[in-house]
Amino acid sequence: MSLNSIFQYFVPKDKKFFPLFEQAGSNLIDMAKLLQESLYSTDPAKRTQNAKQIEDLEHKGDNITHQIHLELGKNFITPFDREDIHALASSLDDVADFIHGAANRIELYKVANPSQAMKEMTDLILEATEHVAKAIFELKDLKNIRNITDSCVRINSVENKADYIFDKAVAELFEYEKDAINLIKFKEVLSAMEDATDKCEDVANVLESILVKNA
Amino acid sequence: MSLNSIFQYFVPKDKKFFPLFEQAGSNLIDMAKLLQESLYSTDPAKRTQNAKQIEDLEHKGDNITHQIHLELGKNFITPFDREDIHALASSLDDVADFIHGAANRIELYKVANPSQAMKEMTDLILEATEHVAKAIFELKDLKNIRNITDSCVRINSVENKADYIFDKAVAELFEYEKDAINLIKFKEVLSAMEDATDKCEDVANVLESILVKNA
Amino acid sequence: MSLNSIFQYFVPKDKKFFPLFEQAGSNLIDMAKLLQESLYSTDPAKRTQNAKQIEDLEHKGDNITHQIHLELGKNFITPFDREDIHALASSLDDVADFIHGAANRIELYKVANPSQAMKEMTDLILEATEHVAKAIFELKDLKNIRNITDSCVRINSVENKADYIFDKAVAELFEYEKDAINLIKFKEVLSAMEDATDKCEDVANVLESILVKNA
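These protein sequence lines map, in sequence, to chains A, R and Y.
Counting with my numbering, you get residues 42 to 256 for the letters of the first sequence.
Counting with my numbering, you get residues 42 to 256 for the letters of the second sequence.
Counting with my numbering, you get residues 42 to 256 for the letters of the third sequence.
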């Protein structure tokens with residue numbers, strides 16, 4: 042029963058926020074694909090090239106977030122609560138930051154041989170971003186609430202898997218990696234990856250709160 | 042002079058939010074007790090068992106937070122500002138995350154002999170969560186503002202002590218611990234513990250801001 | 042077209058929030074100057090003394106933030122949106138926390154010889170805080186929007202430079218520093234410094250969002 046629900050019959054079909062959110066969602070998929078490809082590649086030059094592309098997409102994402110904020114400032118009536126638009130934009134931005142952070146650390150730390158756990162984490166990040174983009178796409182008409190809820194459940198499940206892989210990989214590092222500098226490198230890359238899936242879960246939480254208010 | 046104050050005479054005694062916040066508060070005490078017990082135990086099996094129970098309670102806390110968000114979506118009138126309900130729920134959730142984080146790191150890193158500083162930190166975390174739970178309990182009728190303020194002052198004082206112990210322990214690690222991997226282990230466990238008391242201070246800040254608006 | 046814009050002709054010239062924000066801004070400059078001076082000094086006693094002064098100013102900053110929150114609770118009409126006042130106060134507080142964090146780590150870790158990259162980072166932090174303070178000063182009458190926008194652009198540019206220096210310095214640490222404990226020390230000091238410039242960028246983002254709504 043928010044202000045937006047009261048006004049909902051007068052709100053013209055939003056053509057400002059949804060297209061931007063959809064761009065942000067598909068940008069995340071692009072980033073996640075590049076990261077995955079990079080981790081499975083055995084060519085360091087390829088990896089450097091992908092890291093640069095991921096950086097460009099992260100800037101693209103920043104611009105999308107910025108445009109969402111500009112629209113928020115210009116529009117009194119929004120398709121759902123202002124605070125939720127803000128929270129959704131921020132959480133999508135956070136996902137991009139951590140995908141970029143993972144790629145960047147691999148470059149900076151010159152990680153020559155990504156571990157199996159890292160590769161699996163990029164599979165999960167891609168899976169999570171696909172569900173994020175799907176849920177955002179469905180958001181524009183709330184007819185398919187079930188689909189959005191489904192995507193949120195799947196994001197949570199992916200995040201749980203990522204948690205498990207991260208914990209296991211870190212435990213193994215502390216058990217078997219005797220070179221402290223290598224341990225730091227691997228732990229920090231894995232940590233950025235796990236944060237990326239955490240932030241996908243934040244997106245799911247925001248989406249669920251939007252559903253509760255507007256359904 | 043918030044919307045809620047204007048409406049306050051019409052607001053029926055809240056039976057939705059306060060019970061959930063009280064559950065969240067007492068859940069934190071349970072977690073802090075398990076962590077303290079775990080650190081003082083010399084039996085690694087006991088420690089593993091407590092870590093599992095802490096993980097279960099962390100999930101329980103997640104569910105409480107989730108229910109608070111659902112209630113926020115369903116209720117137009119809330120006992121205090123929506124943004125404060127949201128902030129209070131989030132900060133309580135953060136405390137749980139870091140207590141769990143500390144227990145989890147001890148397990149993952151196989152910390153065999155917790156340091157004296159770690160033990161003292163768990164005393165402080167328990168003390169802080171007890172004040173948090175007490176303040177939340179008093180929140181439901183604002184007659185005892187003095188008690189809430191007292192608890193907040195005590196939380197701040199506990200956090201200052203935790204800061205001091207953390208800083209001293211980390212300085213000693215850098216001075217005496219020559220094994221870098223051990224240094225990382227101890228520093229990160231202490232850091233999660235210190236973050237837990239920081240987040241208790243965030244709870245106190247939210248409580249104070251609720252008092253200012255509604256008193 | 043916020044509530045505040047509607048009321049703007051009735052809002053008496055704010056004498057509560059702007060002076061506090063200005064104090065917060067100039068406090069950041071003082072902290073940044075002490076940090077810079079400390080890093081360029083070759084006298085460890087001087088460095089310890091500056092670290093103590095930075096800690097005092099961080100407490101001073103906490104008090105200013107606290108007063109802003111108290112004013113928020115007491116005043117129904119604010120010079121710009123409540124959420125933006127809250128966000129501006131928080132982001133200024135975060136800058137102070139990380140400047141203090143950098144100084145504190147140098148002390149705790151007994152960093153005897155600050156690196157060239159650290160020195161350059163303190164130049165950038167000072168530059169960023171000067172632009173932050175300038176933009177806040179202009180905020181009180183929105184005649185000089187151009188000046189505020191200029192400062193925000195400069196803050197973003199400083200943050201980009203800090204990113205570049207940080208990335209380069211960390212890559213070099215992983216390439217040349219064979220002592221893992223030294224690597225941790227240097228990396229964490231640099232990281233707190235980089236976070237300080239990041240948080241200045243957050244301030245710029247809040248300022249831009251205030252401009253968009255009120256201009």
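It is possible that part of the hints are untrue.
Heads up, the list lumps identical chains together, so a pair's fine if it works in one copy or across two of them.
In the DSS-like style, the derived pairs of lysine-lysine whose C-alpha atoms are separated by at most 30 Å in a straight line are [said to hold, decoys possible]:
#1 Lys-184 with Lys-219
#2 Lys-184 with Lys-57
#3 Lys-254 with Lys-87
#4 Lys-254 with Lys-56
#5 Lys-202 with Lys-57
#6 Lys-209 with Lys-101
#7 Lys-175 with Lys-93
#8 Lys-151 with Lys-184
#9 Lys-115 with Lys-228
#10 Lys-184 with Lys-228
#11 Lys-181 with Lys-228
#12 Lys-160 with Lys-54
#13 Lys-219 with Lys-254
#14 Lys-228 with Lys-254
Read the hints as simulated data drawn from the structure, not as lab findings.
Every value quoted in this text rests on a predicted model; they were computed, and no experiment measured them.
Going through the hints against the structure:
1. Lys-184 with Lys-219: neither (55 Å within a copy, 59 Å between copies)
2. Lys-184 with Lys-57: Close inside one copy (19 Å) and across copies (29 Å); limit 30 Å.
3. Lys-254 with Lys-87: Close neither inside one copy (45 Å) nor across copies (44 Å); limit 30 Å.
4. Lys-254 with Lys-56: Cα proximity of Lys-254 and Lys-56: in one copy and across copies (21 Å, 20 Å).
5. Lys-202 with Lys-57: Close neither inside one copy (35 Å) nor across copies (33 Å); limit 30 Å.
6. Lys-209 with Lys-101: between (34 Å within a copy, 23 Å between copies)
7. Lys-175 with Lys-93: For Lys-175 and Lys-93, only the intra-copy Cα distance (26 Å) is at most 30 Å; the inter-copy one is 34 Å.
8. Lys-151 with Lys-184: For Lys-151 and Lys-184, the Cα distance exceeds 30 Å both inside one copy (48 Å) and across copies (50 Å).
9. Lys-115 with Lys-228: Neither, since 43 Å and 42 Å both go past 30 Å.
10. Lys-184 with Lys-228: So Lys-184 and Lys-228 fail the 30 Å test inside a copy (43 Å) and across (50 Å) alike.
11. Lys-181 with Lys-228: neither (39 Å within a copy, 44 Å between copies)
12. Lys-160 with Lys-54: For Lys-160 and Lys-54, the Cα distance exceeds 30 Å both inside one copy (41 Å) and across copies (53 Å).
13. Lys-219 with Lys-254: Close neither inside one copy (52 Å) nor across copies (55 Å); limit 30 Å.
14. Lys-228 with Lys-254: neither (39 Å within a copy, 42 Å between copies)
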